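K.L.:
Residue-level listing of the chains:
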Amino acid sequence: MVDCTAVIGSMTTAQKAQKALATAAIRANVVKLDSSVTKRGCAYGVEYDCIQEANVKAVLNASGICISRIVRGGGYM
Amino acid sequence: MIYLDNAATSFPKPPAVCKEVLNCLENYCGNPGRGAHSLSLAAAEKVYECRENAAALLGCEPENIVFTLNTTHALNIVIKGVLRPKDHVLLSDLEHNSVLRPLWRMAQEGIIEYDIYPSLTVESRPPASALICSHISSLIRPNTRMLICCHSSNICSRVLPLREIGALCRRRGILFVVDAAQSAGHLPIDMKKMNIDALCAPGHKGLLGPQGCGILALRSGVLLDTLTEGGNGVNSLEAGMPDFSPERYEAGTLAVPAIAGLSEGIKTITAHGIINIRAHANMLYHTLYDMLSSVRGVTIYAPAHVGAVMLFNVRDIPSDTAARELDRAGICVRSGFHCSPLGHATLKTPADGAIRASFGIYNTQKDIESLWRTVRELAK
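First to last, the sequence lines map onto chains W and E.
So the first sequence is numbered by the numbering used here: it starts at 6 and just counts up by one.
So the second sequence is numbered by the numbering used here: it starts at 687 and just counts up by one.
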């Protein structure tokens, strides 16, 4: 399994994303992003199996949640 | 002790609320949204759970549930985050000082103007809701930006027609703000169906949570200026607050133990069912109304004959004196003006105010009978 992280922004929106993904049977964890991958300071995202990337994008898009970028292989602390 | 001051704060709290507050303090009271360690994430999970529970109860989205200190804080965020010089505001004649005082100050400073619309009309033809909306319509100006309305008053059980007022506000492009201090947990609320733009509610009254946490629920798309700024764990390299809810309005550390308790309080409300809670309050109201009506010298101020709040006086005994006597008999009620000078003027209570008895889900017919017996003695 290779980890991908969708950069979301706030803790609350990341939690909403996690819930939406869980409803779609996609396992994801809320993670705080490493400062090396954020430009605006503290930010949160959801970590998932990269194989689910297309599904993750579709679910979050349907939930009105914006992904600012996707980090492969970690990038979180 | 018989507690009949639930309009001030509900007591006792459900056992699940007390248990969860302690569980939080002992096991997961990290700072939510401030880190990635397990305690911070556990606290954040409980906070989000509470947002979900509150959103489900009020008919909005979890991310639009903003945690505040209390209802007054939530109202100040909305009032001061929206109103600009030369704006005009409408408020009902039953509003609490949490609405009146911020508006009065802004008016004194020459920033805004406000008018007060009557909310007490006799149910007849046309219906009260149509009469209230007609009064409101006659007061709307081109610069009317906001209308504030309590769902139900803290001194009488009058319920204002939110759906009709909300529809009017939407048609006229006016921000509709609801003070749900006495209705959250007591009456059904659906922000979408009622066209509510911002709803302010306490955690510690009808929602059965601890003191220290209130709710500001916003309609999606409503963006307010901030009342307070500071750290919130997001975009921390930027000097400005983010433009998204709820973090935009939540500067500083949240009251996580209170929020944890509130989440359990809302679960308790949901399990009981709002309709059952309302029916229980109405049953107590009818019992007390019938009993007090039979006592010579008791005056009841009741524009509506249902609900969880009853205002009354005993002969010409000052309300504070009567409340002290009731306290000596082990009955907790509140006397005076209840931070509601507008409402007392509307109900035409005497110069020293009145006694308020307010019921909660744990009150019984026996409590009401005890109050009646003590009032009957006072009236002799």
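Just so you know, these hints were derived from the structure itself, not from any lab.
Incorrect hints may have been included.
Subject to a maximum C-alpha distance of 25 Å in a straight line, what follows is the list of computed BS3-like cross-link-like pairs (lysine-lysine) [to be verified]: (1) Lys62(W) with Lys24(W); (2) Lys953(E) with Lys879(E); (3) Lys1052(E) with Lys1066(E); (4) Lys24(W) with Lys953(E); (5) Lys24(W) with Lys1066(E); (6) Lys953(E) with Lys878(E).
Here are a few chain E residues that sit away from chain W, every Cβ distance over 12 Å (derived from the structure) [what the hints assert, rightly or not]: (7) Asn713; (8) Arg720; (9) Ile751; (10) Lys766; (11) Asp801; (12) Leu817; (13) Arg856; (14) Ser931; (15) Arg934; (16) Ile1003; (17) Pro1027.
Every value quoted in this text rests on a predicted model; they were computed, and no experiment measured them.
Quick reminder that beta carbons are idealized off the backbone N, C-alpha and C, glycines included.
K.L.:
Test the statement that Asp801(E) is away from the interface with chain W: the closest C-beta pair must be farther apart than 12 Å.
P.N.:
The claim holds: Asp801(E) sits with its nearest Cβ about 37 Å from chain W, beyond 12 Å.
K.L.:
Take the C-alpha atoms of Lys24(W) and Lys1066(E), compute the straight-line distance between them, and say whether it is at most 25 Å.
P.N.:
Status violated; Cα separation ~62 Å.
K.L.:
Take a quick look at Arg720(E) and tell me if its Cβ sits farther than 12 Å from every Cβ on chain W, holds or violated.
P.N.:
Check fails; 8 Å does not lie beyond 12 Å.
K.L.:
Lys62(W) and Lys24(W) were given as a pair; does the straight-line alpha-carbon distance stay at or below 25 Å?
P.N.:
14 Å, holds
K.L.:
Given the hint that Lys24(W) pairs with Lys953(E), test it: the Cα-Cα distance must not exceed 25 Å.
P.N.:
19 Å, holds
K.L.:
Is Pro1027(E) truly not at the interface, in the sense that its beta carbon sits beyond 12 Å from all beta carbons of chain W?
P.N.:
Holds, since 38 Å exceeds 12 Å.
K.L.:
Compute the least Cβ-Cβ separation between Ser931(E) and chain W, then decide whether it is above 12 Å.
P.N.:
Violated, because the least Cβ-Cβ distance between Ser931(E) and chain W comes to about 8 Å, which does not exceed 12 Å.
K.L.:
Has the given pair, Lys953(E) with Lys878(E), been kept, meaning a C-alpha gap of at most 25 Å?
P.N.:
21 Å, holds
K.L.:
Would the non-interface assignment of Arg856(E) survive a Cβ cutoff of 12 Å against chain W?
P.N.:
About 22 Å separates Arg856(E) from the closest Cβ of chain W, which puts it past 12 Å; holds.
K.L.:
Ile1003(E): least C-beta distance to chain W exceeds 12 Å?
P.N.:
Label holds. Min Cβ-Cβ 52 Å, cutoff 12 Å.
K.L.:
Would you assess whether Arg934(E), listed as outside the interface, keeps its beta-carbon beyond 12 Å of every beta-carbon in chain W?
P.N.:
9 Å, violated
K.L.:
Confirm or reject the statement that Asn713(E) sits farther than 12 Å, beta carbon to beta carbon, from all of chain W.
P.N.:
Nearest chain W Cβ is 19 Å from Asn713(E), so the label holds.
The structure shown violates the earlier hints numbered 5, 8, 9, 14, 15.
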